[in-house]
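Colleague: Residue-level listing of the chains:
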Amino acid sequence: MGTNKGVAMISRRKALRAGAGLAALATVGAPSILHAQTKTLKITTWGGKWGEVMKATVLPAFEKEFKCTVSADQAFPFLPKLQVSPKNDPIYDVLHTNSNEQWNAVVEGLVVNKITAKEVPNIADVYPYAVSEKIVGVTIFTSAIGLGYRTDKGLAKPTSWKDLADPKLAGARGGYLIPVNSLGQAHLMMLGKVYGKGLTDLDAAYKALEALKPIKLVDFTGQMEKMLLSAEVSMGVIHDSGVYRYEGANMQPVDFASPSEGVLALEQVLNVTPGSKVKELAFAYIDYMLRPDVQKLLAEAVWYSPANKKVKLDAKYDAKLLTTPEKVATLIQPDWKWYNARREDIDARVTKILKG
Amino acid sequence: MSAAPNRRPFDAGRAAYLALNALLLAFLLLPIAIVLVFALNPTPYISFPPVGVSLRWFEKFFGSAEFMNALWLSLWVATVVLVLSIVIGAACALALARGNLPGRAVLTAFFMSPLMVPAILTGLALFQAYLLSGIGRPVWGLIAAHTLVAVPYVIRTTLAVLHNFDRRIEEAAAVLGASPTRVFFEVTLPLIRPGVFAGGVFAFIVSFDQFPVSLFLVVPKGETLPVVLFNYMKFDLDGAIAAASMVSILLALSVVLVLERLIGLKAYVKL
Amino acid sequence: MTSAARPSPIAWLIAPAGLLFVLFFVLPFAVMTAMSFYSGNPVTNPNAFLTTRHYERFIFDTAGIFHEALWSTLRIGLITTVVSLLIGYPLAHWMARMQSRLGHALVLMAVIAPMLTGIVVRTFAWMTILQDKGVINTTLMQWGLIEKPLPLMYNEFGTIVALVHIYVPFMVLTLTGVIGRIDERLEQAARSLGAGRLRAFVEVTLPLSLPGILAGSLLVFALSISAYVTPSLMGGTDVLTLPMLIAQQVGTSFNPNFAGALGVILLLVSLAIVVAYNRILARLAGGQGMA
Chain A
1 MGTNKGVAMI
11 SRRKALRAGA
21 GLAALATVGA
31 PSILHAQTKT
41 LKITTWGGKW
51 GEVMKATVLP
61 AFEKEFKCTV
71 SADQAFPFLP
81 KLQVSPKNDP
91 IYDVLHTNSN
101 EQWNAVVEGL
111 VVNKITAKEV
121 PNIADVYPYA
131 VSEKIVGVTI
141 FTSAIGLGYR
151 TDKGLAKPTS
161 WKDLADPKLA
171 GARGGYLIPV
181 NSLGQAHLMM
191 LGKVYGKGLT
201 DLDAAYKALE
211 ALKPIKLVDF
221 TGQMEKMLLS
231 AEVSMGVIHD
241 SGVYRYEGAN
251 MQPVDFASPS
261 EGVLALEQVL
271 NVTPGSKVKE
281 LAFAYIDYML
291 RPDVQKLLAE
301 AVWYSPANKK
311 VKLDAKYDAK
321 LLTTPEKVAT
331 LIQPDWKWYN
341 ARREDIDARV
351 TKILKG
Chain B
1 MSAAPNRRPF
11 DAGRAAYLAL
21 NALLLAFLLL
31 PIAIVLVFAL
41 NPTPYISFPP
51 VGVSLRWFEK
61 FFGSAEFMNA
71 LWLSLWVATV
81 VLVLSIVIGA
91 ACALALARGN
101 LPGRAVLTAF
111 FMSPLMVPAI
121 LTGLALFQAY
131 LLSGIGRPVW
141 GLIAAHTLVA
151 VPYVIRTTLA
161 VLHNFDRRIE
171 EAAAVLGASP
181 TRVFFEVTLP
191 LIRPGVFAGG
201 VFAFIVSFDQ
211 FPVSLFLVVP
221 KGETLPVVLF
231 NYMKFDLDGA
241 IAAASMVSIL
251 LALSVVLVLE
261 RLIGLKAYVK
271 L
Chain C
1 MTSAARPSPI
11 AWLIAPAGLL
21 FVLFFVLPFA
31 VMTAMSFYSG
41 NPVTNPNAFL
51 TTRHYERFIF
61 DTAGIFHEAL
71 WSTLRIGLIT
81 TVVSLLIGYP
91 LAHWMARMQS
101 RLGHALVLMA
111 VIAPMLTGIV
121 VRTFAWMTIL
131 QDKGVINTTL
141 MQWGLIEKPL
151 PLMYNEFGTI
161 VALVHIYVPF
171 MVLTLTGVIG
181 RIDERLEQAA
191 RSLGAGRLRA
201 FVEVTLPLSL
211 PGILAGSLLV
221 FALSISAYVT
231 PSLMGGTDVL
241 TLPMLIAQQV
251 GTSFNPNFAG
261 ALGVILLLVS
271 LAIVVAYNRI
281 LARLAGGQGM
291 A
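Protein chains in written order, with the working numbering: chain A, 1 to 356; chain B, 1 to 271; chain C, 1 to 291.
These are computed hints drawn from the structure, not numbers from a lab.
Please note that the accuracy of each hint is not assured.
Distance condition first, Cα-Cα at most 25 Å in a straight line; then the derived SDA-like pairs of lysine to any residue [to be verified]:
1. A:Lys352 to C:Ser8
2. A:Lys355 to C:Phe60
3. A:Lys226 to B:Val183
4. B:Lys60 to A:Lys39
5. B:Lys60 to A:Ala301
6. A:Lys39 to A:Lys352
7. B:Lys234 to A:Lys39
8. C:Lys133 to B:Ser64
Reference listing, derived: stretches of chain B covered by chain C, where coverage requires no fewer than 3 residues with Cβ under 8 Å from a Cβ of chain C [said to hold, decoys possible]:
9. 52-62
10. 91-101
Keep in mind that this is a model prediction, so the values were computed, not measured.
Glycine residues also receive a C-beta, built at the ideal position from the N, C-alpha and C atoms.
Based on the sequences and whatever the hints tell you, model everything.
Modeller: Here it is as structure tokens:
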């Protein structure tokens, strides 16, 4: 009898303790339950001015409207990380890269192949280039790759890609390390078109590349910008955003020229990972990034051309960026799928040509 | 103290010696002077010669929550890594130098190997391992990775001092009656301090300035300063990064000074 | 027989380092080495198959750039090491022998500061100094000493200058500890026996600092053969080292399997060199009867 009472007392104490424990768990767990209801969208983003605007304005507004948290990874490169993460729990839901990388990603099944207006309604309002067959995912912005040049070196404004090969520019022209930079890769293909039969004429491109020596090569566009600004080169391959964003006070005499053969597209492309657990939210994000007000904000911050036809930019941006069907028609989109398949050979060949 | 008898005709040789060292110091400091110029130059892109003096980049740096968080994270990670690497590295060096372990040459090479692997591979390998084992990307994972890369430095510098060690001092202490433990703590450890100090400086700097390994192992909102700077730089090329650099230098130098006071060169007492 | 053969209890101190390395170095790299024998990532890609093609690609080098990359890597590493030693030794000697505490601290800070500038900023600083319109060239041209700008950047020269600048502090800090431990009275004794300053240095101090020289050289060599950010930014296409290739394969070719294979190759070559180095170091230190 005594033992029974003892047992009863013990079990009551245990029950009390257990109850207290549960209550504690509940209070601790409650926020995490609430948190579990707030979904997290994992995206990638660039740094610099773009990142500032995203973090300050665009993302908080999105989080508020869609009642979620956005976790934005800025530590480039993104694709190697996505490659390693498990397919059913990818490290990103939305991948923001240039077009060539999206093609690398889709070949490995890391992103979906096509996105239509069904998932992202605003697609109905974009220019054709944004969802062309050269794109996997959706383009939200583009820049034009052309020639940047200094206006104080007695140079006429370039009208053709061939102007880069002008003998007067020997040692004063700039290009990119082709294995690591997509502008360099696009330029190589352009050389094939300008000097040969088309974007896929590698033989002509290699010959033209050889003829461009001596040429100063850099790793990323920031360095090209610096070379132009410090007059280390008088002309170089660069995208319009890289030249226009310095407009304002203390501006150096650098300008951008769109060659007559056309400008190459440097697209900012968003895509969704097939294993993402928040696909609807991911599509909603892409849709959000295509809204005219969001597009206008970002386009004017970093001088990108918006993909949405309905965006109305301020006059000074409108004048220089690609905001009409006619201007957009000058964009040439390379076949990245074709290029990526040949990359190893091209990289080796180009390295041999440009060495020493 | 026994005065060197020929102190007067010192000048030519000593002057040359000092001049050489001054020149070498100038080589080391020239780029830093340039960075300072960038940091104070008000133009929104890097140019030379400078246009003027302005503090706007420092304002931008200190005003940015992102930079400040990154700076703070880098600082305390580096401090933790410093402590861990000193302890682990010095212990390992002692074991290698005194422990009579078989295959010492190979073991030493093994512990140096993280230095010979391009850090981007280390980062990728660890990232892969962390994901596969379900660890994810917690801060301690970052700290462990930094420690891995920092420990070889401590081992190397401590070994260098140990190799040049006059063991007779230890033997003298033992002869005078000190127990082996006491000899270790009161004679050996203080005498290897310069090596540990040098290694510790490396460890702190290597962690603070670590880029490729951190690249893979940081999470959004938990990025170290070098990562934030590099990604800022790929996109925007203004003086903010130069300002960040100057601040990093000043901060890290203060840490080094503190280290110097604590464990450094007091051990240069000639016995 | 004697204690020389059996490990002493001190050997256990190696345990923490051993644990750290096994967990965070050996295991992940074992995984990476395994990956280097696959065509893709076997965990996420069911179509990945075993292959030696990554190694074959390097060994047969039909592209003609891989062997060259390995030699470049070793050559740049060697030159960087030698130059860093030549620059670092005087500074280390000066610092180690300095009496003034304040002076010592100041020189220490000056030596360390380059390590703290940060990879990319430091490169831009060098660009400003070395490029065609940079400080050096504009100054030389202004003084009429040269007609055309010297090609100081986007080549091996610029890369080595930048690498030396990063690694001299490592050399100095390694050496200064060792030199500081050398009893100055040994040098003074030689001098009082009639040797000149230089001779006393060459025959007394220099040999005694040999372990430090070898340790510092090893450190700088190991670091410079794994560097890729600096050569990429400073070298243009003139320079292509194995680490640069590895970084390219990871970051822009998205071929981590090949990168892993290259990493294994680099590590094996480096380890061979380091083991040889350490044998020399052990023999020299043992030969002096000091350790």
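Colleague: Next, verify each hint and record whether it holds.
Modeller: Status of each hint after checking the structure:
1. For a cut-off of 25 Å, the pair hint linking Lys352 of chain A to Ser8 of chain C is broken: about 55 Å separates their Cα positions.
2. Between Lys355 of chain A and Phe60 of chain C, the direct Cα distance comes to roughly 20 Å. Compliance with the 25 Å bound is thereby established for this hinted pair.
3. Between Lys226 of chain A and Val183 of chain B, the direct Cα distance comes to roughly 59 Å. Violation of the 25 Å bound is thereby established for this hinted pair.
4. The hinted pair formed by Lys60 of chain B and Lys39 of chain A fails the criterion: a straight-line CA distance of about 33 Å is larger than 25 Å.
5. Under the criterion of a C-alpha separation no larger than 25 Å, the hint pairing Lys60 of chain B with Ala301 of chain A is consistent with the structure, at around 17 Å.
6. Distance restraint check for Lys39 of chain A and Lys352 of chain A: the Cα-Cα separation of roughly 50 Å exceeds the 25 Å cut-off, and the hinted pair is therefore not satisfied.
7. At roughly 31 Å between alpha-carbon atoms, Lys234 of chain B and Lys39 of chain A are farther apart than 25 Å, so this suggested pair is violated.
8. Restraint check: the Cα-Cα separation between Lys133 of chain C and Ser64 of chain B comes to about 33 Å, which exceeds 25 Å; the hinted pair is violated.
9. Interface restraint, the stretch 52-62 of chain B with chain C: violated (0 residues with C-beta to C-beta distance below 8 Å; minimum three).
10. Coverage of a stretch by a chain is defined here by at least three residues with a beta carbon nearer than 8 Å to that chain's beta carbons; for the stretch 91-101 of chain B and chain C the count is 10, and the condition holds.
In terms of the numbered hints stated before, the structure departs from hints 1, 3, 4, 6, 7, 8, 9, listed from lowest to highest.
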